[in-house]
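A.B. asks: The primary structure of each chain is shown beneath.
There are 2 protein chains.
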Amino acid sequence: MTERPPHGSARPGGRTARTRAAVLAAAYEELDRDSFAELTLDRLARRSGVHVSTIRRRWRTVEGVVVDLLAERSSTLPTPDTGDFHRDLRELTQAIADFNNALRNRNVMQGLLAAAAHDTRVEEIVRNAFVRRTEEVTLIVRNAVERGDVPEETDAWEVIASLGAPLYYRVLILRGSIDDRLVHTTVEATYLAARSGVFARKG
Amino acid sequence: MTERPPHGSARPGGRTARTRAAVLAAAYEELDRDSFAELTLDRLARRSGVHVSTIRRRWRTVEGVVVDLLAERSSTLPTPDTGDFHRDLRELTQAIADFNNALRNRNVMQGLLAAAAHDTRVEEIVRNAFVRRTEEVTLIVRNAVERGDVPEETDAWEVIASLGAPLYYRVLILRGSIDDRLVHTTVEATYLAARSGVFARKG
Numbered sequence: 001m002t003e004r005p006p007h008g009s010a011r012p013g014g015r016t017a018r019t020r021a022a023v024l025a026a027a028y029e030e031l032d033r034d035s036f037a038e039l040t041l042d043r044l045a046r047r048s049g050v051h052v053s054t055i056r057r058r059w060r061t062v063e064g065v066v067v068d069l070l071a072e073r074s075s076t077l078p079t080p081d082t083g084d085f086h087r088d089l090r091e092l093t094q095a096i097a098d099f100n101n102a103l104r105n106r107n108v109m110q111g112l113l114a115a116a117a118h119d120t121r122v123e124e125i126v127r128n129a130f131v132r133r134t135e136e137v138t139l140i141v142r143n144a145v146e147r148g149d150v151p152e153e154t155d156a157w158e159v160i161a162s163l164g165a166p167l168y169y170r171v172l173i174l175r176g177s178i179d180d181r182l183v184h185t186t187v188e189a190t191y192l193a194a195r196s197g198v199f200a201r202k203g
Numbered sequence: 001m002t003e004r005p006p007h008g009s010a011r012p013g014g015r016t017a018r019t020r021a022a023v024l025a026a027a028y029e030e031l032d033r034d035s036f037a038e039l040t041l042d043r044l045a046r047r048s049g050v051h052v053s054t055i056r057r058r059w060r061t062v063e064g065v066v067v068d069l070l071a072e073r074s075s076t077l078p079t080p081d082t083g084d085f086h087r088d089l090r091e092l093t094q095a096i097a098d099f100n101n102a103l104r105n106r107n108v109m110q111g112l113l114a115a116a117a118h119d120t121r122v123e124e125i126v127r128n129a130f131v132r133r134t135e136e137v138t139l140i141v142r143n144a145v146e147r148g149d150v151p152e153e154t155d156a157w158e159v160i161a162s163l164g165a166p167l168y169y170r171v172l173i174l175r176g177s178i179d180d181r182l183v184h185t186t187v188e189a190t191y192l193a194a195r196s197g198v199f200a201r202k203g
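Protein chains in written order, with UniProt numbering: chain A, 1 to 203; chain B, 1 to 203.
Hints are supplied without guarantee of correctness; some may be wrong.
Said to hold, decoys possible - Okay, the calculated beta carbon distance ranges per label pair: (1) B:Asp-34 x A:Arg-15: 36 to 42 Å; (2) A:Arg-15 x B:Ala-102: 49 to 55 Å; (3) A:Arg-60 x B:Asp-34: 43 to 49 Å; (4) A:Ala-71 x B:Arg-133: 32 to 38 Å; (5) B:Arg-56 x A:Ala-200: 50 to 56 Å; (6) B:Thr-120 x A:Thr-54: 27 to 33 Å; (7) B:Asp-81 x A:Arg-33: 44 to 50 Å; (8) B:Arg-181 x A:Asn-128: 20 to 26 Å.
To be verified - Now the stretches of chain A that chain B is said to cover, found in silico as 3 or more residues with beta-carbon under 8 Å: (9) 127-137; (10) 159-166.
Unchecked claim - So these bits of chain A aren't anywhere near chain B, every CB distance computed over 10 Å: (11) Arg-15; (12) Thr-79; (13) Asp-84.
These aren't lab readings, by the way, just hints derived from the structure by calculation.
For each residue, glycine too, the CB sits at the ideal point set by N, CA and C.
Start from the sequences, fold in the hints, and give me the full structure.
C.D. replies: As structure tokens, this is what we get:
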């Protein structure tokens, strides 16, 4: 017989790690049913089976839990590398759309943005999450530069930010979902601008 | 002698209107010094001279006060009409940049977005404010269509949203200011896409 660890303790780190996993899973489930506004430490305690005082001691607030949840969930989107700039942009945009159209992911993002207004520590975490994620996928633009698809002086960061901006504007500010039409116009506008050298840094 | 009303009662509605004016002015001043996170009913009471229980009765929360402040301040940006599509886009973008680069306006916007995550009533107000403002300035695109600068089937709303998205992404999500470079790339990318028919609705 293989030595299978009992259910729930598969993550390394023992009891502390199990508590974290249980509370983050509970938060993720709660955010699939209700918005961030409805999330309370008591609801997390009820769903996770972890005592509310333990949750409060470790994360302090629901914002703290959701920040931790983002840290766990981020970097799950792969960077497309199809050999074609337009197709890379399209796949990336579709992946961002799919991620954000899942209700709970949207609730995590909206919740974090709310928390950022009340807590400069969270503000920093949110900004860093966007900046880091943007930097990761600049590979798409660097590949396109190498193939000669966009001008050499292209600012790769600006191209990716230009792609992400209409999507996050829709989700986080207009609070709607990302439909096929928005995917289309976002890809075409960014592709055209990048090809035409709008994001090229002169001199 | 003309009958001049005593200082502070110039707004119609008497005492209630004076109270509102004093509290909104206090909120606007507070947001010029500190972020939304620092705003409390007690600070508003201290600065406005209005009793905290009066503020609480009328607006319930600081979010309520800031929603009211947005209602008062919105629609202050005029819609450019220079006879040139590119110049109209540039003037509008610069106006949005100037407005949002003023610390207190940025704090109002960030505060409202935070409030929206906790209160669906505020969420609706924020969404409506963006939608209404976007609709107002679609005049720029309709003028461009009339002059033949962009294709006839152009979706004017999408063009303006494409212009606003990178600016609000910077201010509200990355939480930075709108610099000259962002104004430049945003105007050029949107201009190019609109001229090329990216926002045209076929059929």
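A.B. asks: For each hint, tell me whether it holds in the structure or not.
C.D. replies: Here is what the structure says about each hint:
1. B:Asp-34 x A:Arg-15: 36 to 42 Å: holds (41 Å)
2. A:Arg-15 x B:Ala-102: 49 to 55 Å: Holds - the Cβ-Cβ distance for A:Arg-15 and B:Ala-102, about 50 Å, lies within 49 to 55 Å.
3. A:Arg-60 x B:Asp-34: 43 to 49 Å: violated (22 Å)
4. A:Ala-71 x B:Arg-133: 32 to 38 Å: Taking Cβ atoms as reference, A:Ala-71 and B:Arg-133 lie about 35 Å apart, which means the hint holds.
5. B:Arg-56 x A:Ala-200: 50 to 56 Å: holds (54 Å)
6. B:Thr-120 x A:Thr-54: 27 to 33 Å: holds (31 Å)
7. B:Asp-81 x A:Arg-33: 44 to 50 Å: Check passed, 48 Å falls within 44 to 50 Å.
8. B:Arg-181 x A:Asn-128: 20 to 26 Å: Check passed, 21 Å falls within 20 to 26 Å.
9. 127-137: As far as the stretch 127-137 of chain A goes, the hint holds, because 3 residues have Cβ atoms under 8 Å from chain B.
10. 159-166: The restraint on the stretch 159-166 of chain A holds, since 5 of its residues have a Cβ under 8 Å from chain B and three suffice.
11. Arg-15: holds (32 Å)
12. Thr-79: The assertion about A:Thr-79 holds, with a minimum of 20 Å to chain B.
13. Asp-84: The assertion about A:Asp-84 holds, with a minimum of 19 Å to chain B.
Hint 3 alone, counting from the list given before, is not met by this structure.
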